[in-house]
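Between the sequences and the hints, there should be enough to build the whole structure, so can you do that?
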Amino acid sequence: MKIKKLVVAFCSGLVLGAFSIVPAMAADESDPNKEQFIPVLTYKTGPFAAGGSGFAGGMEDYMTLLNNRDGGINGIKLVWEECDYGYNTERGVECYERLKGKGLKGAPVFQPLSTGVTYALLERAAADKITLIFLGYGRTDATQGRVFPWGFPAVTNYWNQSTTKLAFIAQQEGGFDKLKGMKIVNLHLKHPYGIETIPVWNAMAAKFGFEVTHIPVPWPGIDQKSLWLQIRKIQPNYVINRNWGISCTVPLKEAARIGFPSDHIIGVWWCGAEEDAIPAGAAAKGYITSAFHGTGTDFPVIQDIFQHVYGVMKGNIAMTRVGSVYYLRGISAGIITTEVIRKAQEKYGVGPISGEEFRWAMENLDLTAERIAELGATNVVPPFKITCDDHEGGGATFFQQWDGSGWKKITDWIQPLDDITRPMIEASAAKYAEEKGITPRSGMSMGTDCG
Amino acid sequence: MLMELAFAIEVLIAGLLSGVMYSLVALGFVLIFKASGVFNFAQGAMVLFAALTFVRILEMGVNFWLAVAIALAVMILLAIIIERVMLRPLVAQPVIILFMATIGLNYFLEGLAQGIWDSQVHGLDIGIPDVPWMSVLESTNILISLFDVWSAVICGILVLLLAFFFQKGRIGRALRAVADDNQAAMSVGIPLQLIWAIVWAAAGLVALVAGTLWGQRLGVQFSISLVALKALPVLILGGFNSIAGAIIGGLIIGATEKLAEVYLGPIIGGGIESWSAYFIAMLFLIFRPQGLFGEEIIERV
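Which chain is which? The protein sequence lines are Z and D, in order. Residues 0 to 450, numbered by numbering that gives the first Met the number 0, are exactly what the first sequence covers, in order. Residues 0 to 300, numbered by numbering that gives the first Met the number 0, are exactly what the second sequence covers, in order.
Just so you know, the hints here were simulated from the structure itself, not pulled from any lab data. Do not take every clue at face value.
Stated by the list, open to error - Below, a sample of chain Z positions facing chain D; criterion: calculated Cβ distance under 10 Å:
(1) K43
(2) T44
(3) P46
(4) A48
(5) S52
(6) L178
(7) L188
(8) H213
(9) W218
(10) G220
(11) I221
(12) D222
(13) S246
(14) R256
(15) S427
(16) Y431
Stated by the list, open to error - Chain D side only, calculated, beta carbon under 10 Å to chain Z, not exhaustive:
(17) G14
(18) S186
(19) S222
(20) P265
Claimed, not checked - Away from chain Z, derived, C-beta distances all over 10 Å, residues of chain D:
(21) S17
(22) L76
(23) G171
(24) N181
(25) V226
(26) Q289
Every residue gets a Cβ at the ideal spot worked out from N, C-alpha and C, and that includes glycine.
This is the structure in structure tokens:
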């Protein structure tokens, strides 16, 4: 009986609590004409929670900074709603459907932080006239904006990232001619994200004369012993760590076990966070990954966040995580999103921005080094310029190494091998257009000059 | 040829040692199934809960063994609460109801663990080196992980303790009676609630050991709850109510999945480890539906 009473009391408390919160929220002054809605698809629970929570925390902190410090963007307050999909593709699509109609003009943009959800949303978003930004991930052929007007693999796509990894290896070995005869293992998750780079590695192997072996990691990849015994047998020069979450960490332990040097494991940026290295302990020391944004707190924008966000107790994540890789990735996403809104306001007037208006602004975005410096974000986000033909806008990455306690930048920006990837992107996009009955854009299209 | 043979032996040993780690998780399932006929869907979540509790207490600067004791106490308390709040009202209900309750418990525990502690990744070092056994490597060129060997030893000790505890003495007899027919056991005065609480506490201990060993290897994070996926084919093969089945099943699954990945994987596309284990278990089911060591249930019409 006592337990029943307790349960009833607890439930009553919850209901009363909920009613007491609703009027408080409703009492806040809100004018839909003065608000810009931004949907936040995230995963704060489940196997990839560290990545999802860090990214969302960074993005929301940046938007909070603009609201608190600047009063929003030209007086338009940024408002957002999270939807936690637990990195489950079906739930990600549900979240998209739930949030797409919110705000005066609907959601202008989605950033899924998942290759699987991106694949699932590409056609829906195009039909709904909503922009998709997939910052640093796939699908790669969406780089060709004539075929994919609504998709933007901004800053760096998967194929170009792969070429910068090879360029880095060549740099380490003393030149591209030294690649001939080498062995590289592409250890990749058996997932759309994992397999997307197989064609580009095959193309590079054919061009430079090295041998590539693709070893798929079955999800969740918590036990990779048999895969690493195969790697021990192959005796490769380098291993590409193309995993996500826990499957990023396991290779570091397995490599230590077979005596494979950690500084010859080159991780993708999905495998380049503190959360990937710390659990591996000493085995992670020396491990190298690619990256496309800085880490740490030594940036004016982060100092502003400490002052204007955490200083007034409005932070969206534990303050100890400010400056981490995932957090800075969220800051990058926040900067890009809000700079696009700013550009859209310049063309369409100050007020909430629609999906179509956002798309135009994204396709005409030129985020210069000067503007990034004004934002106090030099090295937080790289300069890049989007065009109709190039929805990536850059493609360069740099490399960082784990020193046992943090990531250290060890190279300058390394440019992608466009001569390899561009023809592949064109061919893949053309194939997609043919399959889907899409006529590639040309001339002035959707407000942009497509040549 | 000799190199190939050495490699095959290496894969086999690695598989057997991985199998021990799977058995460790499977043991938790077996204990609860033996006592209540219920497949505890929440065993993976218990591994996560135990490991997160342990590592977070350690991070507070508490001594290692004291942290073990506190984490174990928390798991015993959890078992008592589960018995009081979830199981007791469901006595004499069909097994499927209890199973459904454990599904709810699974999600509740996952959320509770991450809610109380956090959803971050925590490194755990219990002092067992995860490096090759050098003397074996140098003499035979066969790579065996010292960590795996230690895990097998710990698992062996745990199995002996559990087997002794549950086969001998009054509790062992009571457990077997409860497992056979819990209502009949109650009618002869066996305290069902106490037995259930003891069994769930023992499953909590197994979860703590499994969570600690897997946590050292993977870091303590949500994904260690996924080790339950590795235990399922072990249970299907070994039988749900046999401790010996969990051990032998683990060894067979571990060895065959590794051999399949290395020798069949390259032929059929690779990455087959996750489903090949289930395929092997299902093959066994054709010949022994109750699993290798499971009890054959004969019901009269």
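Would the hint on Z:G220 stand, with a C-beta cut-off of 10 Å toward chain D?
9 Å, holds
Z:W218 as chain D interface residue, shortest Cβ-Cβ below 10 Å:
Holds, because the Cβ-Cβ distance from Z:W218 to chain D comes to roughly 7 Å (cut-off 10 Å).
Does Z:K43 pass the interface hint, meaning its C-beta sits closer than 10 Å to a C-beta of chain D?
6 Å, holds
At a threshold of 10 Å, is the proposed contact between Z:L188 and chain D supported by beta-carbon distances?
Given a least distance of 9 Å, the restraint on Z:L188 holds.
Holds or violated: is there a CB of chain D closer than 10 Å to the CB of Z:R256?
5 Å, holds
Per-residue hint verdict: Z:S246, partner chain D, C-beta under 10 Å:
9 Å, holds
Satisfaction of the Z:Y431 interface hint, Cβ to chain D closer than 10 Å
24 Å, violated
Was the hint right that Z:T44 lines chain D, CB cutoff 10 Å?
6 Å, holds
Test the statement that D:Q289 is away from the interface with chain Z: the closest C-beta pair must be farther apart than 10 Å.
27 Å, holds
Mind checking the CB of D:P265 against every CB in chain Z and telling me if the closest is under 10 Å?
8 Å, holds
Minimum Cβ distance from Z:D222 to chain D below 10 Å?
6 Å, holds
Under 10 Å, Cβ to Cβ, is where Z:S52 needs to be relative to chain D, so tell me if that hint holds or is violated.
At 6 Å from the nearest chain D Cβ, Z:S52 passes the 10 Å test, so the hint holds.
Hints 6, 15, 16, 18, 21, 25, counting from the list given before, are not met by this structure.
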